[in-house]
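Top line first, the protein sequences correspond to chains H and Y.
The opening position of the first sequence corresponds to residue 1 in the working numbering, with each subsequent residue numbered one higher.
The opening position of the second sequence corresponds to residue 1 in the working numbering, with each subsequent residue numbered one higher.
Incorrect hints may appear among the rest.
It does not matter which identical chain is used: a pair holds within one copy or between any two.
[Claimed, not checked] The calculated DSSO-like cross-link candidates involving lysine-lysine, where the alpha carbons are at most 27 Å apart (straight line), are:
hint: 1; residue 1: K3; residue 2: K285
hint: 2; residue 1: K226; residue 2: K89
hint: 3; residue 1: K13; residue 2: K166
hint: 4; residue 1: K228; residue 2: K55
hint: 5; residue 1: K226; residue 2: K55
hint: 6; residue 1: K285; residue 2: K132
hint: 7; residue 1: K223; residue 2: K88
hint: 8; residue 1: K285; residue 2: K135
hint: 9; residue 1: K55; residue 2: K166
hint: 10; residue 1: K132; residue 2: K3
hint: 11; residue 1: K226; residue 2: K135
hint: 12; residue 1: K171; residue 2: K233
hint: 13; residue 1: K228; residue 2: K52
hint: 14; residue 1: K52; residue 2: K285
hint: 15; residue 1: K10; residue 2: K132
hint: 16; residue 1: K223; residue 2: K32
hint: 17; residue 1: K19; residue 2: K285
hint: 18; residue 1: K112; residue 2: K223
hint: 19; residue 1: K182; residue 2: K15
These are computed hints drawn from the structure, not numbers from a lab.
Protein chains: 2
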Amino acid sequence: MVKSFEDLEKMAKSKPSRKVALAMAQEADALKAAVNAALSGIVEPVLVGAEKEIKEIAEQESLDISRFAIIETEGETECAERAVELVKKGEADLIMKGRVPTAVIMRAILDKQSGLRGRGILSHVTILDLPKYHKFLIMSDPGLNIAPDLEDKIAIIDNAVEVARKLGIDKPKVAIIAAIEKVNPDMPSTMDAAVLSKMAERGQIQDCIIDGPLALDNAVSVKSCKTKGIDSKVGGDADVLIMPNIEAANVFYKAFAYLTDFNMCGTIVGAVIPIILTSRADSDKIKYYSILAGVSLV
Amino acid sequence: MVKSFEDLEKMAKSKPSRKVALAMAQEADALKAAVNAALSGIVEPVLVGAEKEIKEIAEQESLDISRFAIIETEGETECAERAVELVKKGEADLIMKGRVPTAVIMRAILDKQSGLRGRGILSHVTILDLPKYHKFLIMSDPGLNIAPDLEDKIAIIDNAVEVARKLGIDKPKVAIIAAIEKVNPDMPSTMDAAVLSKMAERGQIQDCIIDGPLALDNAVSVKSCKTKGIDSKVGGDADVLIMPNIEAANVFYKAFAYLTDFNMCGTIVGAVIPIILTSRADSDKIKYYSILAGVSLV
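Assemble the whole structure, with the sequences as input and the hints as a guide.
Pasting the structure below:
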């Protein structure tokens, strides 16, 4: 089972090198992360974007990109479409977002004719290695689905569970997070959580154990469950946290990304390939780990 | 200006000792925190609850409570009402929640006849000292207001700003948090944020500088603002974070309280006195710091 980013790096290194189309490669942190992953033999970057700017940034950052293909494109949309096309043609295994805006790359990926849609919706899956927690924490969805309804939440759970299983957790424990652990009709997220738990019990959501509503402390702390008298198969030992809304998920992601130095990463799941998509402001470390995750999920 | 919990401790120690009614004192972490604060001369606990249990816990935890008044009460409601009554009579300056459930103590405080209501609504204010941030971060509201509307958010801002000013920040910078920094009609929290910013500009919300919507990274990272081209008087230097909903605030609070060892505390503001109210599962350190905050706000 993958329990740390060292494990994840080993897993990524044990796989064949993957071709990653870096969309608008003229972005220092993303380029640095891609070059680092290439040096470890994990990926072979295909740099899509403005060649001149890419080379300038490489020089500024002292990155040797002479071995990598550069595909000259003009503007955001052309670049995004070209990255998707490379995957369609089998010339890239993965897409990574560089300077291209999320909305633009997602539009190209979600295009019904030329895109890369999978069975369900796409969602963002964050993986965190927190010193105070005894294993990886997987969290969704901080960046894609604005107001997920019950059906969307099921798809978000499916995507996160798929990631957990690829990391070696056979039957992941999924906590549906709310602000409290009691069902409260004034808090719709607690009602959704109760429904999702029962659906898993009835076999309507598979390959995982679900419990909710749980407040975050109940999900990650056995002591907290005891203090509050909560008897839960998930409480204190969650593998996956499903957040009640995009705001809570985004705040959780960014609290760790910007206010701690803990290791974490993020990937978009649910398309025919994983998409390595981090916030432009994220560090090159987060971007490097996100490449490891993306490669491990192929 | 108070920039750390050491500063806050100094500030609390410089004030006259305050009488704190500990509601249902038969709770180990709360009792420990109150006794510690008493040893530093910061408070004089008045232990309200079941005397026998209180003494048992004190013995188990090796706490000397022989100097403190114990007021025997039976059950949760009687205890909560008695704690409120002590404040009304001038026999206590503050209330601290022990084992009594939040709902019960809040009912007694909010009672229109016998309670301790102030001008506006009550809200929970969290104070965090994060190693990666250059000053205190103040955050609301993780625990009280389930679905705050615009009026409620103004009161929540007022309460948080009052705390910031008592900590020595003359004109606090307030970030109204959303999942993104752009106004998006599909995300009501971004609309509220825009409105609140303009209201502050027009002098309808005073004593602070407000900007929003900001994603959390924009609020706390100058680099993130630069990367995303955000020109903001608050961005990267926020004193106060107003969260878009109780779920996001609760997740933010608990992420730090349960998944890091950073120093933090919480207090309820907006009643005629501060109320020291932490989650039952919070550590005695959080409870001790919360007493410091409560005393400093009187």
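Hints and how they fare:
1. For a Cα distance limit of 27 Å, the shortest separation of K3 from K285 inside one copy, 18 Å, qualifies, whereas the shortest one across copies, 29 Å, does not.
2. Proximity of K226 and K89 under a CA criterion of 27 Å is satisfied in neither setting, with 54 Å inside one chain copy and 36 Å between copies.
3. Within a single copy, K13 and K166 get their C-alpha atoms as close as 15 Å, which meets the 27 Å cut-off; across copies the closest is 54 Å, which misses it.
4. For the identical chains of this complex, K228 and K55 are inter-copy neighbours only, at 22 Å across copies versus 57 Å inside a copy, given an alpha-carbon limit of 27 Å.
5. With identical chains, the CA atoms of K226 and K55 are at most 27 Å apart between copies only, with a shortest distance of 22 Å across copies and 57 Å within one.
6. When the C-alpha separation of K285 and K132 is checked against a cutoff of 27 Å, the pair qualifies both within a copy, at 20 Å, and between copies, at 16 Å.
7. In this homomeric assembly, K223 and K88 never come within 27 Å of each other (Cα to Cα): the closest approach is 49 Å inside a single copy and 35 Å across copies.
8. In this homomeric assembly, K285 and K135 come within 27 Å of each other (Cα to Cα) both inside a single copy, at 20 Å, and across copies, at 25 Å.
9. Taking CA atoms no more than 27 Å apart as the test, K55 paired with K166 passes in neither setting, with 36 Å inside one copy and 52 Å between copies.
10. In this assembly of identical chains, K132 and K3 lie within 27 Å of each other by CA distance both inside one copy and across copies; the values are 13 Å within and 25 Å between.
11. For a Cα distance limit of 27 Å, the shortest separation of K226 from K135 inside one copy, 20 Å, qualifies, whereas the shortest one across copies, 34 Å, does not.
12. When the C-alpha separation of K171 and K233 is checked against a cutoff of 27 Å, the pair qualifies only within one copy, where the shortest distance is 12 Å, while the shortest distance between copies is 47 Å.
13. In this assembly of identical chains, the alpha carbons of K228 and K52 lie at most 27 Å apart only when taken from different copies (22 Å versus 60 Å within one copy).
14. In this homomeric assembly, K52 and K285 come within 27 Å of each other (Cα to Cα) only inside a single copy, at 25 Å, whereas the closest approach across copies is 55 Å.
15. Taking the shortest Cα distances, K10 and K132 sit within 27 Å of each other inside one copy (23 Å), while across copies they are farther apart (30 Å).
16. In this assembly of identical chains, K223 and K32 lie within 27 Å of each other by CA distance solely across copies; the values are 17 Å between and 42 Å within a copy.
17. Proximity of K19 and K285 under a CA criterion of 27 Å is satisfied intra-copy only: 20 Å inside one chain copy versus 50 Å between copies.
18. In the homo-oligomer, the alpha carbons of K112 and K223 never lie at most 27 Å apart, since the shortest distance is 48 Å inside one protomer and 36 Å across protomers.
19. Proximity of K182 to K15 under the C-alpha cut-off of 27 Å is found in neither arrangement, the shortest distances being 44 Å within a copy and 40 Å between copies.
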